[in-house]
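The residues making up each chain are set out below.
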Amino acid sequence: MHKYLKKTLVISVFILTAIALYENFLLVPEYTGLRTGVSDYIISSGLSDTGSLNLITAVLYDYRAFDSLGESTVIFGAVSGIVLILSRKMLPVSSRGLSFIVKRTFGLVTPFIALFSLYVITHGHLSPGGGFQGGVILAVISIIFSIVYGSAFDYRRYSPQVKTAMETMGAFTFLGLGVVGILMEGFFLKNLGFLTARTGTLISAGSIPYVNFGVGIKVGAGLAIIFYSMIQKTFKEDF
Amino acid sequence: MMETRIILLIIVPLGTAFIIPFIDLINAKLRRFFVLLGISIQIFNLTSIVVQYFDQIRDGSLFLQYHLGGWQPPFGINLVMDNLSFLFIAIVTLSLLFIIIYSIGYVGHHEGKFYVLYFIIIAASNGAMLTGDLFNMYVFIELLTIASGALIAFQRSHPGSEAAIKYLFYNIIAGSLIFFGVLLTYFNLGTLTMADVANNFAALESGIQLFITAIFLTALLIKMGVFPFLFWLPKSYDSSPAPVTAVLSGVLSKIYLYLFIRLIWTVIGFETIVALNLNILLIDIALFSSFLGHVFALQANNIKRLLGYSSIGHIGMIFAVIMLNTEAGFYGGILHIIAHMFMKAGLFVACGYLLQYTVSNHYRDFKGVGLRDKPVFIAFIILLLSMIGMPPLLGFASKWFILMAFLEAQSYFGAFIVIFGSLTAVIYYLRYIAKGFEEVRLSEDDLKMEVFNQPLLSVLYREKIVTFITYAYTAVIIIFGFGFRFLNIPLRMSIESIMNVERYIELVLGG
Amino acid sequence: MRNNFIFIILFMLGLYALIMKTNLIKNVIGLNIMEASIFFWVIAFSDVGGEVAIHKMGEEFSKFNDPVPQALTLTGIVIGASTAALLLTLIIELNQFTDTIDRDEIEGLNN
Amino acid sequence: MMTATVVLENLLLIFLVLCAVMSVRFEEELISIIFLSTFSIVLTALYLLHRAADVALAEAVIGAGLSTAIFMSAISQIRHGDSD
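These protein sequence lines map, in sequence, to chains A, B, C and D. Residue numbers for the first sequence, in the working numbering: 285 to 523. Residue numbers for the second sequence, in the working numbering: 74 to 584. Residue numbers for the third sequence, in the working numbering: 19 to 129. Residue numbers for the fourth sequence, in the working numbering: 116 to 199.
It is worth saying that the hints were derived from the structure and are not from the lab. One or more hints might be untrue.
Pair ranges (Cβ atoms, derived) [as the list claims (entries may be wrong)]:
(1) GLU125/C <-> LEU399/A: 48 to 54 Å
(2) GLN429/B <-> PHE400/A: 52 to 58 Å
(3) ASN125/D <-> LEU354/B: 28 to 34 Å
(4) GLU69/C <-> GLY280/B: 39 to 45 Å
Just so you have them, the derived chain C footprint on chain B, three or more residues with Cβ under 8 Å [stated by the list, open to error]:
(5) 152-162
(6) 237-250
(7) 277-287
Here are the simulated BS3-like pairs of lysine-lysine, each with C-alpha atoms no more than 27 Å apart in a straight line [unchecked claim]:
(8) LYS508/B <-> LYS447/B
(9) LYS287/A <-> LYS39/C
(10) LYS291/A <-> LYS39/C
(11) LYS290/A <-> LYS39/C
Remember, predicted model here, so these are calculated numbers, not experimental data. Just so you know, even glycine gets a beta-carbon here, dropped at the ideal spot from N, CA and C.
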C-alpha cells in the first residue's frame, strides 16, 4: 500500500512538471523573433577576427577559450578522482586478448585511426572537429588495444606514467599559450598575432591549431587513463 | 580598470594542480614544496591587490575587471572584482589556507591526488566568484562538483562512496538545470554576459522571467540544501574526511550563497522577483528549512551529522534574512556568512581530530573525549558556544544583527526561528560537552580499537599543527567577536555594491 | 513545437529512470537521457534553417546557424561524460563493499 | 525534397523516443546500455539534420563510443551477490 501511494505521488508530480514545462514552452517565442547580437557579430566577423573557417572552433578556442580551459580541467579532475578511487582495487584483468584474426585486422586498422584522429585535431579550424573530438578518437586507440590485445599489451606500449606525462604536457601547452598571450599581446588566451597566415591553410588562425593540439593530447591521455583504470589495477599506491 | 593579477588568482592554483601529478612521477618529496609555493604565490597576489587598492576598498569604489582574450564583454568572457566579490575571495582564501595547512598531516594516502583536487577547488571557487559570464559560471560550478565529489569518497570506505554517489546525483541534476537556464537566457536575450543580461532582463515577458528564475532557483536550492532538496546534505557531511567536510560546509555552501546573491540581485534583479511574487514564498521556504534543520539536529545521534543539520538551519536563516532585501538584512546575513564559515570549518576540523580517539561518530562513543586532548576540546567548546550565540563571540554579533533585521522588517516568524535555533542549539550542543567530560575507564579492547582508528600516516608535529589551526579559527571568532566593528567598512561597501546594480552594468559594458 | 514535445518526453523519461528505478546503473542511464534531452532541445531550437557554421573557401558566406549554442553544447557533452564516468567509478567502488547495485538494498543511500 | 527531410526527421524522432523507452524499460543492464548507444547514434543523425556538424561528431565519439565503453567496463566489474 505504502509503495503504491509513493508511486502515485511521484507520477502525479511528473505529470504536473510536464504540464508546467509545456505551458512555459508555449511562451518561448520562435528563434527568429529573438535578440541575436552576439551571434550576428560572430557570424559576420568571426572569420576576419580569428582566421578560423570553422566558427564553432573560433567560439570554443578564441572567443570563449577560458570555458574550454575549464572544461579540460573537468576531465583532469575526473581523471584524478577515478585513479584515486580505483587504485587499491584488485579488479579482474584480461591480458590474453581476442583471436589471431582480430588482432591482425586491428593491427592494420590502428594506424589509420591514429591518422584520422590527428586529422580531426589539426583540421579543427577548417572542418568539423577539433581538440575534444580528436582527443577522444585518440583515446579509442588505447581502448582497442586493451580489448583486442589485452590490457598488458597496452600497459607495455603506453604505461600510465607516459599517459600522465602526456596529459600534463597537453595541459601546459594550453596554459602556456595563455601566458604567452599575456606576455606578447597583453591578454590571457589572446590569439597570437605573429602566428597568423593566409586563411584556409593548415597552419593559420593564430594559436588555435596549437591549442587544439594541446587539448587533443590532454583529452586523449586523460580518457585513456580513465578507461584503463576502470578495467585493471593500474597505479601503485603513492604515499 | 584592467588588472592582470585577478586572472592570476585563477591560473596559479590551476597550474599547481596540473603540475602535481607530473612532480609525483619525478619525486614525490618535492610535492609539498610546490603546494606551499602555489599557496604562497596566491597569498602574495591577494595581498598585493589589497595593498595597491586599499583606498578604493575603503571608499567602496573598487572595480577591477579583465577581458579574457581581449574581447569586449558581450562577445567574450570577462572577470569582475567588486567589493562584494573581494570580501568573499578574501575570506574564502583565508579559510582554504587554514584547511590546507591542517590537511598536511591528516591525509595519509594519495596525498598528491588530494592536493590536485584541492587546488582545483581553490581555482574553481575563485573563478566562480570572479566571473562575469553566465556560462563560465556553469563551467566552474561543474568543476566544484566534480572535485568535491571525488574528495568525499577520498577515504574509499563504504559510507564515503555512498555519500559521494548521493551527492553527485543531486548536484549533477542541479548542474544540468543551470545549463538549461543559461541557454534559455541566451536564447531570449542573445548574450551571456551578466551585465548585459541584467540590462535587458526586465524587458522580457513575465512568463519567461518566471521560467528562467524558477530553473535557476531550483538548481541553487539543491546546491545549497534548502528545504525540498536537503536530503543529500547530512549524509555527505557525515561520511567525508574532516578537511573535506570543512571545505563543503565552510566554503562551498558560502560560494553558492554568493552566486545566489549575484544571480538574484545583479542578473535577475530583485524588482523582478517582487513582481513575480516569489520573495514571500522564498522567505517562508527558507525559514521552514531552518526550522526543520534545527528539529532534525535534536534527534541526531552523531556529532558530524548534527553539525550538518545545524548547517541546514543556519543556511536557511541566512537565505531568509538576505531575501528581506533591507540594508540591515544584508548586514546581518553577510556577517553571519563570515561567522558561520569560520565557526563551522573550525568545528569540523577540531571534531575530525577529536573523533580519532573514538570508535565511531556516535553519541555514546563521545564519552571522555574531552579528557584526551584538552586544548583542542577547549577550542571546540568555544566554537560551539559561538554557534549558540554567547555574547563576546562573533556568533552573537551576527545573530543579533539578524534578529534586529527580522524585527525591523516585522517578520516575527523569522525572529522566532533565530531564537528557537539558539535555544535548541543549547540543548544539543551541551549534551556533547557534558558527554565529553565524562570519566571513562578503558578496557584492553578499546585500546586495540584506538590503534586502528589512528590516521594512516602520522607526521611529526601533527598535534601541534592541529592545535594551531583550531586556535587560529577560535582566535578569528574571538577577535572579531570583540571587534566586529572592524568588519563594518567592508560589509557596508559590499552592500553598496549589491544594491548599486546600475554602476556594475555601466562599468562592465562601458569600459 | 514538435521538439518541445520530444524534450518533455525524454526529460520525464530520464527523471522517471532516476527516481523510480532502484538499479544504480539505470539511474546513471536516466541522467544521461535527461542531459541528452536538454542538448537535443538546444540544437533543435537554435536551428534556423541555415548552413553549418563553417565558411567555405572562395564562397561568399550565406546564412549560418548560430555557432554559440553549438559550442556551449559541445562543452556540456564533454562535462556530462566525465561526470558520468566518475559516478560509474563510485558505483564500482560501492559494489565492492555491498555486492549489489540495488538502491533499496543499500541502507546508507536511504538515510 | 523538403517533405523527404521532414519524414526522415519524424521517423528518427520516433526511433529516438523508442530507444530511450527501451533503455529505461529493460531490466538487463547490458541491453539498456546497447539501447543507450543506439540512442546516441540516432541523436547524432538528428544533429546532422539540424546542421550542427561539430556537435554531431562529438556526440558520435563521446556518446556512442566512449560512454558505451565506460558503461560496459563498469558492468563487467560489478558483482551480483548471488552469482558467486
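Here's how the hints hold up against the structure:
1. One distance hint, 48 to 54 Å for the beta-carbon pair GLU125/C and LEU399/A, holds here, with the actual separation near 52 Å.
2. Checked against the hint of 52 to 58 Å, the C-beta distance between GLN429/B and PHE400/A comes to roughly 54 Å, which is consistent with it.
3. Remark: the range hint 28 to 34 Å for ASN125/D to LEU354/B is contradicted by a beta-carbon distance near 41 Å.
4. Separation of GLU69/C from GLY280/B is about 33 Å and departs from the stated range, judged on CB atoms against 39 to 45 Å.
5. Counting residues of the region 152-162 of chain B whose CB lies closer than 8 Å to any CB of chain C gives 0, so the stated coverage by that chain is violated, three being the minimum.
6. Coverage of the region 237-250 of chain B by chain C holds in this model, with 9 residues showing a Cβ closer than 8 Å to a Cβ of that chain against a need of three.
7. Counting residues of the region 277-287 of chain B whose beta carbon lies closer than 8 Å to any beta carbon of chain C gives 0, which falls short of the minimum of three for the stated coverage.
8. Taken as a hint, the LYS508/B and LYS447/B pair is honoured in the structure, with Cα atoms around 14 Å apart against an allowance of 27 Å.
9. Annotation: proposed proximity of LYS287/A to LYS39/C holds, straight-line Cα distance about 13 Å (limit 27 Å).
10. With a C-alpha separation of about 11 Å, the suggested pairing of LYS291/A with LYS39/C holds against the 27 Å cut-off.
11. In summary, the hint linking LYS290/A to LYS39/C is supported, as the alpha carbons are separated by about 13 Å, within the 27 Å threshold.
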